[in-house]
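Top to bottom, those sequences are chains A and B.
Just so we're aligned, residue 1 is where the first sequence starts under our numbering, counting upward by one.
Just so we're aligned, residue 1 is where the second sequence starts under our numbering, counting upward by one.
Hints in this document: simulated from the structure, not taken from any laboratory.
On a predicted model such as this, the values are computed, not experimentally measured, just so you know.
Incorrect hints may have been included.
[Claimed, not checked] With a Cα cut of at most 30 angstroms, we get these calculated DSS-like pairs of lysine-lysine: (1) A:K137 with A:K274; (2) A:K381 with A:K415; (3) B:K38 with B:K11; (4) A:K747 with B:K427; (5) B:K389 with A:K111; (6) B:K371 with A:K734; (7) A:K274 with B:K371; (8) B:K38 with A:K112; (9) A:K584 with A:K524; (10) B:K389 with A:K423; (11) A:K286 with A:K136; (12) B:K416 with A:K747; (13) A:K252 with B:K389; (14) A:K418 with B:K371; (15) A:K734 with B:K427; (16) A:K548 with A:K532; (17) A:K747 with B:K11; (18) A:K588 with A:K286; (19) A:K423 with B:K427; (20) A:K747 with B:K371; (21) A:K249 with B:K389; (22) A:K588 with A:K529; (23) A:K111 with A:K252; (24) A:K423 with B:K418; (25) B:K371 with A:K423; (26) A:K747 with B:K329; (27) A:K747 with B:K418; (28) A:K382 with A:K415; (29) A:K112 with A:K418; (30) B:K434 with B:K392; (31) B:K418 with A:K112; (32) A:K111 with B:K392; (33) B:K371 with B:K265.
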Amino acid sequence: MTEDKFTQYREAAHLAGQTRYIPDLELYEGTLRGYAVSSPYAHARLLELDVRAALAFPGVAAVVTASDIPGPNTMAPIIEDEPCLLPVGGICGYLGHVVCLVAADTLENAKKAALLIQWKWEVLPPVLSVEESLEKKLFLFEPLHLIRGNTPETMEKVPFREKGSLQAGGQEHYYFEPHSAYAVPRHQGGFFIRASTQNPSDNQRFAASLLQLRASDIEVEAGCIGGGFGGKQAQANWSVAWSSLLAWKTNKPILLILERDQDFRISGKRHPFKATWDVGFDHLGKILAIDLSVAFDCGWCTDVSYAVLHHSLFHIDGAYFIPNLNVVYYPCKTNKPSNTAFRGFGVPQAFSIIESIVTQIAGALGKDPAVVRWQNYYGIKKNNTTPCNMLVENNILRTAHRRMLEMSQYNDLRKQIKAFNRKNVSIRRGLALVPGKFGISFNESFLNQAGALINIYRDGSVLIHIPGTEMGQGLYDKSRTVVSRELGVSIENIRISDTSTAVIPNTTSTAASTGSDFAGSALKDACDKLKKRLHPIALEMMGLEKGKLEWKNNAITCKEVGKRVTFNELALNAYMSLESLSEKGFYKREGIGFELETMEGRPYWYYVMGCAVTMVELNLLTGEFRVPDVWILHDCGESIDQGIDLGQIHGAFIQGMGWCTLEKLITNEKGQLLTNSLDNYKIPGIYELPEHFHIRLFPGNPEPRNIHNSRAIGEPPLIYALSVWLALCDARGKMLSLPATREELIKPLYNEK
Amino acid sequence: MDLLRFYLNGKPREIDFSQPESPPLSCSVLHYLRQYEKLTGTKEVCGAGDCGACTVVVAHADEVTGSEKRVSADSCLMRLPRLHGKHLLTIEAPQQLLDTAPIREAFLRERASQCGVCSPGMVLSSYIHLKNRLPMNQEQIRRSLSGNLCRCTGYQSIVDAMISLDSNSGIKAGREEPLDFPETENRMHVFVQGNSAYLLPLTLEDLYAARNKYPGARIASGFTGSCMDYKGPVIDISRIRELLRVHVSDSAISLGAGCSFETMKEQMGPHFPYMITYLDSFASLQVRNQASIGGNIADGSPVGDTMPLCLAHDAVCVVCGPRGTRSIKADLFTTGYRTVDLRSDEVLLAVEFPIPAEKTYHFAHKQSRRKNMDISSVSFAASVRVEGKTCKSVRLAYGGMAAVPARALHTERFLKGKVFSRANCQKASAWLEKDFSPISDVRGSAAYRMDVAKNMLILLYESYNGEHDGR
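The following block holds chain B by itself, in its conformation from the complex (with noise of 0.2 angstroms):
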């Protein structure tokens, strides 16, 4: 039974959950934050990480390197026990180890608060933009601050405050102190509370020993989904090293099942430089920088906007267990509404995107109410192949039209061969009518659904003749 040990704002902190008084395990750190430290500038506003107002820094220590990394989250998505080893940062840290003071300035002298209700979390994630010295210009501000809505301002003095600070002199070097972090050993950590159990496995073989120990407990990684309120027994697979690892080969990208939407965009962006794009338009930086591709994967979610990735790649996840690792095509892999072929004691270990051998044009739309931060409505992924005026291949891949993410079959096969055309990718369109029957929702209706896959083509051929960028 462990203690769970971290830092908050420069003074460690330790907890025991078997004490009477101690947090739950299900404890967000948002809730931590406020109702056991009494740190209220930490605000609390939707509580599900659609707003950013309770966003928190979160500092580890490299495991290579050593050096201090920090990133942004909705503490409201974030478990407790995930900042063991970790050094927690608020808006009231010290200025020597949070330098938001010039930030706060700019602010002011913008009047870039006005209720002020988002202000804090909008100073941290600023904080980061300056802390990364990212360009101070309209689009990377945008960016950095697309998870923290704010009700009040309309944005604009927020950018101006941004774009008044130069991002050089922003944070000095030298005037923030390195933090400290906890000795932690290098095993599987267990917290446990009554018959609950928070898991921390570091290995394959921790995983395997950890789901022995709790068979039925609950695996997540980045927490970002459905997990927040479950009480039960919980795997928290983000730290296992497999899964975290990318390898990266003349034929294929692999990505481990455990690297976050920002690892995907760092790694994937040299060679498909489509995808910063589509993956921007996830969630938030804040929760990009915590969920998993594997977790959008494996949810085997009709809207998870990683699938058609995969399926228009024609990826290939591998999943691992004790008994051996298999691997199973991207088509294979969903099998009905939220199933997907995972055995009892089996977890998807990777994803491996081919490099296509031959010039392969690909495009991907997510299309939803609002841009940034929102479910889609539609998501579509195309690769497709074209020699001479000829598609000699082609993948569409949807979500939202269907109780899983898939191919349309029907359209597909008509493309192939054909002159690869507006009128023919309009004359296509016919065909999904044939590939689909979507449904009506908060989201959408059928008929829209329908219109919006149908146009995704016409956008596909628009953007591969280089009419526009897609967007």
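The following block holds chain A by itself, in its conformation from the complex (with noise of 0.2 angstroms):
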């Protein structure tokens, strides 16, 4: 590989070191740090806040309060319940809500200032715990019903009948850079922001509104983001808002960064969960009614809860037909951090309901519990409605069960383990198999809208602006692939921009795995465009009146002539006869959305489906485990990048192992998080690698209804990383709560005969 062909993509950089987080931004003289200063309570009321000491400290510039903000101090994304800052009178709803921000010379001097703050506050009782929230019914908004049959009537019927529950902790995000943005004022007004952020268009829209700004005078701008997994899709309003609002005040640039102990402190994580059910169901293990309740834990406010929760409702089926449901999700309010995206934004939280339900289903019949999904699953003629009545298109659910259980020979790896399991005492090895059904786009159908743009340069080099941020998905590789089929034209002559607000505007979210469909069907409608546009002069070049085209190979070629001319040429040439070669794309996904009644309609474009098999090997003795195979088959359609797609199925999975098995969130009774940091708070490393991780993509499937045929990636396979949990529980022979820790997984063997 050449040094030359090394630097074409965005990794060769992250590799040597070259990539420029927000942290690592080269700077404008006279830059100041901000610092966002929060409530020391996890409930009260703030009676008094005084912050002159603080504004008299040495190389402190400004403070900012509620009452300095020009626009409404507002930043919900969807319920009005969230200020940008704590007014005085306010209620904080949880420890570490931002009651100020403070501008100085240095960081050092900011946190200095901010400790000579006087406030008082009126101290009230935290609410901690779901149940608590549940029983005084604290509800952020009204809670969520999906019924379909007469599950009631059906239950006084079922041959067989059980009750059970689960409950589930967080997970912290843990990008590895933190919550950031660089603020900086324009010598003609307004403001331009580069942020770590999944969202600049409503990071956008709410500088604007806070500054009572318009839209156009705000720029957010994002370049290769240091992760997001969600976190950064609502909650990056906040540093881009606190940033420009101190950049407001002192007319300065205002770098803000979160420290990772206050990023812990402040931001939101997975929205923990405790589900109780009745199920009722025949001797084959069908399902035949579901009576469920689920009470999320989403924090202080709203944030994107109210989508969440729906997102989690949609997917409570899991891979399976059940004819008769009755669910409502409960949308507890706690005094802790406002619980936001994370990917899989609610689903791994109901397929780990339903694959509960089904395992239980499996222990009461005595059954293996792939045999009992064998029997649910949605079918390809009847029982292949959603409960909100949606059709299961392309359904490979049964295809991908049998397939895989030939790829993991799982009946011959239930035999030895049996066998295994009666030899030895302390080591218990566990076997499970977990479908994964996925439904992509945005529940809300404004969301489904994405633009793009190319410029061609007359020197035939093009350069592509997407709408959404590459936070290490890959999206700007995938763009660059997209554009590079389309015009024929190799990658290396596609150069993307940063992302930013200023060329793609009234952007969606990057985030509901949808960032590549979006970014990729708007570039092809721009590709189109330009090359219907320029069709007619690539045939004046080649002295021909029609013909039909071929763009490949940086040419276009007239194959029944035998003429072509070279990108390059064309680009020239169109530029010298007076044509445009910038053309913007538009892309749209009509006639998504829902009933909010009856809960019935489309909320998605496709569903994502796959399989998945694990095994661990567990010693009781220690609740230590390995995880000597896993097995997935999963559905990409026909993938855009190959290595992008397994590094994300690599990646959601480990990530989900953590969430099942390691991270556990600790918070005292006064609300304080006490697992802050990652010497207290532990994420996988390389250990955590399953040994042999065996993956295929299931092939022949394509998805006619999305770009190039292909299917969204980022969240799906996070579900398949359940089947370590589920296979900790058959050889732990007994359900476990989430995650399963070794403080879950160990058995006192002491006692034992």
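From the two separate chains plus the hints, produce the assembled complex.
Right under this line is the structure:
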């Protein structure tokens, strides 16, 4: 590989340490550091606030409080319950709630000044458990109901009935780059903000409204960001808003980076939940009815919980046809950080519930859970609609299941494991199969739109602009690939710009795994228009009046007559012929949505499916386990980039494993997060990687409704990690709550005979 | 008043800490690189030695042979003056000094970088693996990279990238030029800034003199513990020759207190192979390269994982001071929560592990939430001598069960003289209730700790009985 080619890829810059994340930026002279000051209580009313001493501290340029904000003091993405800064008289929702902002020459001085802020609080008792919130009915919005068939009546007649419950903890994103933004005042007014964000347009919207400016006065730009995983979907609003407010107040550039423990304390996590159910089934294990209640711990405000709960509710069926269903989701308010988007967006929680139920049925009937799963999958011709009445198309659930049994030699493995477990006292093996089915699209119809821009320069080089941000998921490279295929230009000739609201307006957050669907489709639209416009020019250059042109190998060829012009020649010629070489593309998914009353409709454009099997070996004496083998069969449709897609499968699986087995958040009785660093909060390390990771992409099932017949990849594979947890439950011989840490897995064997 | 001299990526550096613009004495190498050198390729993520994103390569010339040796370190846990006389290499180093190109190409090919923040550190840890010509197998690769966390890739592509490299052709001999090292005088160096100072004694005599000059100065060796934020005077004892001595005789292995955990592994491994796995679960390679065994013991922490080994082996702590040398049994060395039997002018000199005359079975296990790079909930080390079937002597040592690492004396008494069997180990576990009443904290509840402690006895028996390797 030559050094030149080497630098074509963003990863090459990452690997050489050349990528500048926000903390690495070269700063303008006079840049100040911003610092957010948090409440010391989980639940308290702010009675008085006096920042004069802080303001007088050497090096301090400004202190911004709620009363300084020019516009409306709100940053709520969906429901109006989230002020930007806590006003005097207001009640802080959690320990970490931001009260005011300090700008100083150094972070050290800003922090010292923050200690001088005088405030008085009326301390209130915090609600810290989802159970207490549920009991007190502290709901952030109306509970959600999903009803199909007649559950109460069916329950009276079912042959078998089981009750159960499941509890799961949250998960910290631990993106390696913390929340951060650099806000720079522009000499002609307005602000430029470079941020670590998944949602530049929302950041722009809130910064503008807080400052009483127009959206056009604010430009938010994101380069390669150091991980997002959903954590920067809504909550990047904060760093952008806070840095902009301080930049406005001081008229100086402001660099605001949350310190790691501060990021831990302030930012939301994956929603913990508690579920209880009653399930009716027949002798085959076929589910006849489920009565289910799920309480999600949303934290102190709504944030995007409204959308998370809907997305979760729409996946409560898992991969199964459930004829009678009565589900209620409670959005519980607690005095904890506002839980937010995290890879999977409520779906891993939904799957953990339904897979618990299925496992429980298998246990009650003495069957292998895989057999019960087979009984319940959505059918092709019948039993093929979800509880919201959406048709399950391109259904490969049973095919994937069957192939997975072959791939993993499941039945032989099951026998071997039984023999192994008979022989061993302290070591137990366990096995589990988990199907995946993940709906793609934003449930909210207006979010399903995207723009893109392609500029071709007179030398034939191509620069593309996309709506989405690159956080490591490979969106930039997939976008370049799409354009490369469409224009027939080699990928090295296509450069991608950082993502900016000034170029692509009104974007939707890079979330819900839609990044490459949206960007790719909008880019294709732009390519189609460009090709249409350049078509006659190419013909003219070949001296033809009409003909079919092929765009390939950096040239445009008319095969019938054997003539060709290079892409570079065409670009120059078009420029000389007064033809525009710039084109915007647009993409929308029409018809997505659901009725709020009935929950019926089409919440997704398509489903992503697959299947996984995991074997574990658990040492009961220590709760330590090995993962000798994981098999995954996953459907990406026609993958745009297999390397990227495999990387997403690996990454999602291990991250999911972290949630299932390792990552435990602990809060004390005052609402203080005790697990606030990597010292006491453990994310998976290289030893957590399964010993043998067998992954295959499901062949021959293109997705005609999506760009280049591909399917989305970011979140769906996270579900497969539940197979590790279920295999551990299998080995341990009981259902375990999440995360199943060593503390859950250990078995006191000192009393056993 | 001395100048700090080192090389950075081939260029000499000289820092006069008395100058107003100079970095503070407490400055970490990470902070120095990013703020003063504007080299931002070294990333800051956890800032506490728990992630490896800030990994750098530190080279020094071997005192005896003069040959250069390169090790990895977390730059967030390394104070700037520690670089004195060394050569610091970062991801920005020119290829002829630090040949990472083949690794970066392999990572690129296997898509082993996603968001990319961990990548520079990951490349440098991989580099050390290749430079040391370690085998390119799963186990070795995991061992080498276990100090580097990645939140995106799931590690598979990283392992694949490493496996795709041939260890022999990885870092080609001759492609790297020899490194320069600054001339430094063979004497104690003292860096002074205002009221603070950083002292680098080379001998015990230097140390005593340093302590006289700066009474109350903090003593540190690896600096991986709690000393990073301390702004007052510090005496860095990591270069005191007497503390680095290793002496092996027929009856004992004496390890200087300044030995790193990696040195301990090298020295103890051949005699007590079981220790290798146990020591590998300590922190990360980057930390084990810097952290000293003496620091872990003299810190007196209830969860210091070295002390249980000392207790189980009936080791002796040798301390020294201007008034002479004392030998203290490990049992008596820790006197209370984070207090040890060291007088204000003394320092831990060495730890002597006796080599048992009779065949003794040794075992150790570290119980933590994550197997590697974690602080233990419970640590356990045991030595058992069994004749026929009878347990002739037994020493059971636990960390994390009390305010100090301690032996389970009631349990030992129960087992001694009995048949060493699963049943008796199960029965013995009841005595642990008399030995310990652990506390609940973020690393585990009291009940969990007791369960672990009791199960350890069975684990010990199973391991002794060859049922498994105890992992």
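Checklist entry - Where does the structure disagree with the numbered hints, that is, which hint numbers, in rising order? => result The structure conflicts with hints 2, 5, 11, 13, 17, 18, 21, 26, 28, 29, 31, 32, although it agrees with all the remaining ones.
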